[in-house]
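Q: Chains A and B, in that order, are what the protein sequence lines are.
In terms of the numbering used here, the first sequence opens at residue 14 and continues consecutively.
In terms of the numbering used here, the second sequence opens at residue 26 and continues consecutively.
Hints in this document: simulated from the structure, not taken from any laboratory.
Glycine is no exception: its CB is placed at the ideal position from the N, C-alpha and C atoms.
Any given hint could turn out to be false.
[Stated by the list, open to error] Here are the in silico distance ranges between beta carbons for each label pair:
no., chain 1, residue 1, chain 2, residue 2, range
1, A, H375, B, A132, 33 to 41 Å
2, B, S144, A, P317, 46 to 54 Å
3, A, L119, B, Q155, 52 to 60 Å
4, B, R222, A, L425, 51 to 59 Å
5, B, E48, A, L158, 31 to 39 Å
6, B, P208, A, T135, 57 to 65 Å
7, A, T135, B, T204, 48 to 56 Å
8, B, S57, A, Y370, 38 to 46 Å
9, B, V211, A, L158, 41 to 49 Å
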Amino acid sequence: MIGMDTRGLQEIRETPAPTSIAAAILAVRALRKKIARKLIAGTIAATVLVPLLLVLAPEEAQALPAFARQTGQNCVSCHAGGQFPELTPYGRMFKMTGYTIGERALPLSVMAVVSSSRVRDTTKSDNPPADFAKNRAVTFSSASLFIAGKVTENIGLFSQITYDNYAEQAVAPDGVGAGKFKGHTNADNIDLRYADRFIDSNRDLIFGVSANNNPSVSDPWNTAAAWMQYVPVPSPSSSQFVDGNAPYPGYGSGGNVAGLSAYAYLNKMLYAELGGYKTANRGLSIMSAGINNAGTTKLKGTNPYWRLALTHEWGPHNIMLGTSGMIADVYDNPEDTSDPTSTHRFNDKGLDAQYQYLLDPHTVTAQVAYMTSKHRYPDSVANQPVNFVDALGNPLANTNTSDTTNTLRAKLTYVYQAKYGGSLGYFNRTGNTNTLNQTSGFDPATGLITSDPTGSLGAAELSTRVGGNLSGNPATRGFTYEAFWTPMQYVRVGLQYTTYSKFNGASSNYDGLGRDAKDNNTLFFYVWGAY
Amino acid sequence: MKRASLTLALALVAIGAGCSSLERSRSLANPSTPAKTLASQVCSNCHGLDGNSISPNFPKLAEQQQEYIVAQLNQFRNHRREDPPGFIYMWGISRSLTDDQIKGLAAYFAEQKSVSPGSGNPKLIEEGKQIFDSGLPAQNVPPCSTCHGDHGQGNGQFPRVANQHADYAVKQLTVFQQTEQRPDGVAMKVVTHSLSRQNMEAVAAYLQDIPPK
């Protein structure tokens, strides 16, 4: 039982800032397309698979996904309260020792999600049929194939290939209706590792090396950027405001990059990891398989990632206090890396902590993660004029040369008997204002609010209203509530509600066209299954 | 490009295979893996390297009776022990162990030094001591010490209960009393028949920090 589709959403959250207002608008659309891409793949499979699993699957420890077959153990051995992907202390040891505990077994698992979401207000939109094409619809959101398991005594693999049933939304033929969605498959999380453990009465040292495609996917704690998000998440394009699309701490490089990290865990007390990430091309292209050249993050050189954590276990309690960071130089245009100065510099530093109380039948987890991200723009993006004007018709300030964004996530979860669970999550992103972030504003010609001041966009397949940003500020804040039921260990049914008190820098009228933050409140229902 | 990826993967596998050491193996299906290696590389994750588990979810095995550990691992392996900790964690872990590995594991944990996980409520402990030493004659509950020893040290097939996590002890007493999940512990079904929850908690609190011999 494994992690879910984290790569795509992280990529979406961390898409580099666009180079111009027009580019920004296009980027928003591209983002939506990515979101859509992520969401489509799961519905059919889940519709078919989940009932089949419910009826056919015998409830015993062996009948489980790849790692459970390998150890012969129940999911709750490694996943706290059975809620993937959060790990128990034993699950963390399983991961840190390279997925090598147990015996080699069929290294294949599948996972699928059927979901439905409902946004509070679907009228305040330039193009509701397109913006909310799948609102209230039951969708097969996504499906993943996992190749995972022990390879040798010291090498193990966790890899995920994800099909997103809603990967892309085409422009409607009439330019205003709902375009068709198209599915897409690509490499998701990959973590191939070598590990060894030297343990005796004097010391316990785990040492390992991980070849992976997402900074922190190698991390054993679930406050790491790659793992903290609520799962499952529907494809963002089919449901734009579910929790998975709300702010999370994340690294500027995003996922589908190629990295190598070395880690050590000493005396179950100190964890340290140091890694470097490069573009996933040429011989490393497997890390971004299925993603085209334009969609592949292009990094300049090797980009450092680090992680330190202190841990302690007492009775049924365990705690982790950690810090992490990454410096990434990301080319502005993935298709043109000829100019070494055309890079965005992301400097991300995070603090995180996790507390678990695990004593059958109770599982309590408290998590908090905070990340401050400094983003320095290349000259072609920094200090540029924008096409909007202020309400009086005066030019707006040029774009910033750099931005700082702070993201806080906190989550409290309780699970009873590894069957009935609930959680409360809080997110708060703050940051400085930048006219670059503005995706709607006053048109210099008409003085009216528009998202297309140059008139270059033509018919919009998605309105910029629901994703619009009039203030230029990224502040977004809200809560997520979830209740879930795990009738058997590889099936979960959940109901999630995400509320927004601030969105794109404002509580009300954040787009200048009348949409309020609370209009984005979203109810999300899902059925998840794995085998 | 694909060839380069394949080469890299094969090289890693080759390196991994070359560097593999049976002395540090985590393989549960290799009869050659020494029991001590399994104890330190696998069992220690939950039960502690010296058999003194930190979490009360997992029983302490230090100084446990060798004969008892052998019996339990066999019961896990052949699914005769069906209580939740048994099938959740131990069925899989034990499924491919050889008889020799089981004996070796039992010997390893029997040799460790047991440590108390800490003391509890003094009033409860006193009540538990009374039950442990003298039983509850009015309820036909015999003294625990009769089989488990004056200090809970156990004796052959009768397990050591001294220093066991109180939470684990209560849960197992409940399993004996209310289920058929441990058929080989049928004697305990009779013994626990009349115990109240309060009685169980009292005995468990006493056992957790029972004075050593």
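Q: Of the numbered hints stated earlier in the document, which are not met by this structure?
A: 4
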